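Undergrad: Please put together the full structure from these sequences, using the hints given.
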Amino acid sequence: MSSPDLSQTHALLPDPVAPVKQPPASAFRLPDRPNYAALIVLATCSFIFVTAEMMPVGLLPEISAGLDVTQAQVGLLLTSYAAVAAVTTIPMTALTMRFPRHRLLAATLLVFVVAQLMAAFAPSFLVLTLARVFSAAAHGVFWAIVAPIASRLAPPQMAGKAMGLVFTGSALAMVMGAPLATVIGQASSWRIAVVSVAAVGALSLVGILLVVPVLPVLPKDAAASLGGLFASAGRQIVSKATVPGCAITVIAVLGQFTAYTYVAPLAERGGGITGSSLALLLLGFGIAGVLGNLTAGRFIDRRPDLVTMTILGLMSLSMAVLVTTPGLVITAVIVILWGYASSPLSMALQAAVIRRAPTTKDAAASVQVVAFQIGIGSGALLGERLFHNGHLVLLPVIGAVLTAVALLLVMRAKETFPSRPVAHVDAMH
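Per our numbering, residue 141 is the first one in the sequence shown, and the count goes up by one each step.
Think of the hints as simulated: they come from the structure by calculation, not from any bench.
It should be emphasised that the depicted structure is a prediction, and the values quoted were computed from it without experimental measurement.
One thing to keep in mind: the hints can contain errors.
Said to hold, decoys possible - Here are the computed distance ranges between Cβ atoms for each label pair:
#	residue 1	residue 2	range
1	Leu320	Leu468	21 to 31 angstroms
2	Pro263	Ala404	26 to 36 angstroms
3	Ser220	Asn529	17 to 27 angstroms
4	Ser329	Ala387	29 to 39 angstroms
5	Leu216	Gly467	31 to 41 angstroms
6	Pro498	Gly453	21 to 31 angstroms
7	Arg173	Asn529	52 to 62 angstroms
8	Arg173	Arg375	28 to 38 angstroms
9	Leu423	Gly215	15 to 25 angstroms
10	Leu532	Pro498	37 to 47 angstroms
11	Thr435	Ala205	38 to 48 angstroms
12	Leu216	Arg169	40 to 50 angstroms
By construction, the Cβ of each residue, glycine as well, lies at the ideal position given by its N, Cα and C atoms.
TA: The following block contains the structure:
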């Protein structure tokens, strides 16, 4: 079995309505071993998307002063970004289902780079907001297609490992990307930081064109009308194959972000950790997350149920301990354990959803991305309300309970989280 041809380069923006000209299904074969070059490029893409999403957090004063708006208004850039991604992901994924995946991946990076340059040279806050809207739309499509693409760049029995490698990029963004963007922005200007992200995005686009192989449209999607593709995407919202994984996603992510948004005050409450010690602890949280992604990716194909239950169990335990005030050492260990467990959550849940929908991977993944965004937004909002009203101690309580509920649901959803080795089926055949 031979690997896909890596030498071909392609036009970026085909007509999504015109008949798709592509190699026959028989021309595409899954590789005998992971295509690490392409997977590293995808990991780099995930790194820059998350870095760009989170960049305003560390540059609130600089952006506020540069555009003569309040820091509260700048903070809305994150909320609006998540909202746009949640609203546009499913329809945009349906609209682009007839794009060959390698071309669509390149197109998302092209839109991302243009949006970053638009943001970097924005003369007003309105233009910056519009640039973030375009970036968020590309963000949603990227996360809907990246896991299915990763599963096609490795043998079926190693698809989870491939996804784990790609999702490591997003964990690295929290450790290195966002902090580095903050350093650049504070040392020079926030516009230089955005241009730097655009430059890495442009290099990633070149990498896609050079090393990502031809990934044809699935025959089922190529033959469908545009209306049929929208109907298919809509059916995923209520599909028996998709609903369990997406429901668990909302519950688990809601629990995670109710507490995680306020990890700093929780660490201070639990162990008196502040200042430079807190910065080092958060760095440890991120590094542990990178290791967690790599470890979970190694085992997710062998025991999807055990890996996901371990992730949720450790998350619940970590947050439960933070309900108390265990002291500096235990708090530090628990926060690092929390980072190790929570980082691979997204990968494990998305792998479960697309595994159950082999013929509609992208549509199913788009629904899961929306579920994840709903969990993030709802958790952050719930946490903010409780924290604002002086109920910090309730945040880890709610987080621990919700992740425990998600764990129990995983134990019952045996088809979505099987207790046996699994291989991701590619629908080209």
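Undergrad: None of the hints should be skipped; say for each whether it holds.
TA: Right, here's what the structure says about each hint:
1. Leu320 x Leu468: 21 to 31 angstroms: Taking Cβ atoms as reference, leucine 320 and leucine 468 lie about 28 angstroms apart, which means the hint holds.
2. Pro263 x Ala404: 26 to 36 angstroms: With Cβ atoms ~34 angstroms apart, the hint holds.
3. Ser220 x Asn529: 17 to 27 angstroms: Given range 17 to 27 angstroms: holds, Cβ gap about 25 angstroms.
4. Ser329 x Ala387: 29 to 39 angstroms: Violated, since serine 329 and alanine 387 (Cβ atoms, about 44 angstroms apart) do not stay within the stated range.
5. Leu216 x Gly467: 31 to 41 angstroms: Holds: the Cβ-Cβ distance is about 38 angstroms, inside 31 to 41 angstroms.
6. Pro498 x Gly453: 21 to 31 angstroms: 28 angstroms, holds
7. Arg173 x Asn529: 52 to 62 angstroms: 54 angstroms, holds
8. Arg173 x Arg375: 28 to 38 angstroms: Holds: the Cβ-Cβ distance is about 35 angstroms, inside 28 to 38 angstroms.
9. Leu423 x Gly215: 15 to 25 angstroms: 23 angstroms, holds
10. Leu532 x Pro498: 37 to 47 angstroms: 44 angstroms, holds
11. Thr435 x Ala205: 38 to 48 angstroms: 42 angstroms, holds
12. Leu216 x Arg169: 40 to 50 angstroms: Holds, at about 47 angstroms.
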